[in-house]
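A.B. asks: Chains as they are written, first to last, in our numbering: chain A, 8 to 304; chain B, 8 to 304.
Where hints are given, some of them may not hold.
Each pair may be met inside one copy or between any two copies, as identical chains are not told apart.
Said to hold, decoys possible - Below, simulated DSS-like cross-link-like pairs (lysine-lysine); rule was C-alpha separation at most 30 Å, straight line:
#1 Lys294 - Lys284
#2 Lys274 - Lys49
#3 Lys133 - Lys282
#4 Lys94 - Lys114
#5 Lys210 - Lys107
#6 Lys210 - Lys133
#7 Lys210 - Lys258
#8 Lys258 - Lys212
#9 Lys65 - Lys282
#10 Lys294 - Lys107
#11 Lys258 - Lys269
Simulated from the structure, these hints should not be mistaken for lab results.
Small disclaimer: the values here were computed from a predicted structure and weren't measured.
2 protein chains.
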Amino acid sequence: MINKLAIIGVGLIGGSLAQSLRLAGACKLVSGYGRNTENLEKAIELGVIDEYFTDISKVIFDADVIVIATPLTTYGPLLEEISHSIKPSAVITDVGSAKKCVIEDAKKILGKNIQQFIPGHPIAGKEKSGVSASSPDLFQNHMVILTPLSENLADDIQMISSMWESCGANIVTMSVEHHDLVLAATSHLPHILAYSLVSCLAKMKEEDDIFKYSAGGFKDFTRIASSNPEMWSDICISNQNNLLQVINQYKAQLDEISGMIKIRDKKGLEDLFSKAKITRDQFVEQKTTDFNDNQTK
Amino acid sequence: MINKLAIIGVGLIGGSLAQSLRLAGACKLVSGYGRNTENLEKAIELGVIDEYFTDISKVIFDADVIVIATPLTTYGPLLEEISHSIKPSAVITDVGSAKKCVIEDAKKILGKNIQQFIPGHPIAGKEKSGVSASSPDLFQNHMVILTPLSENLADDIQMISSMWESCGANIVTMSVEHHDLVLAATSHLPHILAYSLVSCLAKMKEEDDIFKYSAGGFKDFTRIASSNPEMWSDICISNQNNLLQVINQYKAQLDEISGMIKIRDKKGLEDLFSKAKITRDQFVEQKTTDFNDNQTK
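The shape of chain A in the complex, shown without the other chains (with noise of 0.2 Å):
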């Protein structure tokens, strides 16, 4: 049982991870601080937090648990303004989808009370940011990525991952470079590639036309486009070298592509495509497996 519980940034993740605690009855006061009034309001009228306070050392003071849950880049400057004020028993922990750079900005500003800090990752989300887009099964059968540091103690990690589970979601731990690696190719990649679509056909002059004649292909293919942009200009200046591979991996991918319809090679691109249908139906397929199996469990 958590007794105070500080959401620092009380958005979809924020807001979700307050809401799945207190619905299982894993914590006793959800105290919440945030930039904008008007959402914490909205956090208080939803029953998502039981305070706020704009000061933000009061929220901190005497929680157990204290959660960042801002865009990437607030980190250094949230960390230097609370660094002085977190009680020694307490836990810090992050969702942020960047790991190495969140780690080394903790570990300058929090120097040997790095132990208190254990960074983690939910992977669940939606398009949506804010508050009123939260909700307490966001992270049920998801999975959460620890990237415990040698610094930190057992115990602390237990009731991180204990915190968690309380909200239905599966705990994996890994390192920091594994995690900001397969991040970056399967959330951060798709992201960008996706934004980059809208802004391209954004560009062309048959753009009214253009958007008019798109399916549901296109809008499912653009969904995360219409994501949060502080959030996702944090992530990729924050996981750049890692983004900047796998953007290259993609570029020549989508040459190999490009070549063959150059030529005119219809087997090589009805086998590319085979392959990677084969892929995505087996990941799929595995997804509805692991969700089935966690229902039943």
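Using the hints, position chain B against chain A.
C.D. replies: Showing chain B alone in chain A's frame:
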């Protein structure tokens, strides 16, 4: 009322058209042709068609409307086979995603009878293929683009328009060139990007992990990579020039974003993502409005 409808290729599109017209009482007899007898038997079982023959001349014999719904590169050989058996009063149409190549083939083969051929393209589909995936409401509130030829008769164009309207579709006519460019951008390019993403990720040595840790965004983004490989390799080749052009435009856009990531241009990225988000949100809103308008018509 269509007395006899010949469906050449009883798959997702051909099967859905037949079902929809039967449900609307818009045709008396549906005769089917295809390469896969098992699929045709299934079509009979599902009540999609009344009869099928493996001899295509029997299928088109005395047909009032002949719909070609097979992969694009099969049009040439099919038209060769049927060109001398089509009755003079029959109208031929198709559902192909690229129109210039189709029209070139048809003109070459049909000669002066080209007036009987009305090129068409319903903007509807799914990633599943075959008659089992077909459904009578596939075209409901979707657009069907016709790219009529100067040789076509107004009555024939009207007949094909009415046929699609019976399926709940909205008819749009445009030039062949405009169709092929707009579709390259909104449909063919996204498919290539999705196939490319799955192929790219499958090559990374972290493959197993990579698919395991992907979330809902990835699943939606790659849905179209589960589309029919034969159909899509045909589309790539048939709309070669437009597709190569939009792939180049896309690569330039991706390079712009890479460049911003390289120099850590947070503001530039955020602006670009914001514009894309606004464009995409407006598009979805517009689509929803159009849909509701059509529902209340």
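A.B. asks: At most 30 Å between C-alpha atoms: does Lys210 with Lys107 qualify within a copy, between copies, both, or neither?
C.D. replies: Between copies, since 24 Å is at most 30 Å while 35 Å is not.
A.B. asks: Between the shortest in-copy and the shortest cross-copy C-alpha distance, which are at most 30 Å for Lys274 and Lys49: within, between, both, or neither?
C.D. replies: Between copies, since 28 Å is at most 30 Å while 56 Å is not.
A.B. asks: Cα distance capped at 30 Å. Does Lys94 pair with Lys114 within a copy, between copies, both, or neither?
C.D. replies: within (17 Å within a copy, 80 Å between copies)
A.B. asks: Between Lys258 and Lys212, at a C-alpha cutoff of 30 Å, which is it: within one copy, between copies, both, or neither?
C.D. replies: So Lys258 and Lys212 pass the 30 Å test inside a copy (25 Å) and across (17 Å) alike.
A.B. asks: Quick one: Lys210 to Lys133, C-alpha cut-off 30 Å, is that within a copy, between copies, both, or neither?
C.D. replies: both (26 Å within a copy, 27 Å between copies)
A.B. asks: At 30 Å max between alpha carbons, let me know whether Lys258 reaches Lys269 within a copy, between copies, both or neither.
C.D. replies: both (16 Å within a copy, 16 Å between copies)
A.B. asks: Since the copies are identical, ignore which copy is meant and state whether Lys65 and Lys282 lie within 30 Å (CA to CA) inside a copy, between copies, both or neither.
C.D. replies: neither (55 Å within a copy, 37 Å between copies)
A.B. asks: How do Lys294 and Lys107 come out at 30 Å by Cα distance, when the copy is not named: within, between, both, or neither?
C.D. replies: Answer is within: at 27 Å inside a copy they meet the 30 Å cutoff, but 40 Å across does not.
A.B. asks: At most 30 Å between CA atoms: does that hold for Lys294 and Lys284 within a copy, between copies, both, or neither?
C.D. replies: Both. Shortest intra-copy (15 Å) and inter-copy (28 Å) distances satisfy the 30 Å Cα cut-off.
A.B. asks: Up to 30 Å between alpha-carbons, please classify Lys210 paired with Lys258: within, between, both or neither.
C.D. replies: both (20 Å within a copy, 13 Å between copies)
A.B. asks: Is it within a copy, between copies, both, or neither that the alpha carbon of Lys133 lies no farther than 30 Å from that of Lys282?
C.D. replies: Result: close both inside a copy and across copies, 28 Å intra and 19 Å inter.
Checked against the numbered hints above, the structure violates only hint 9.
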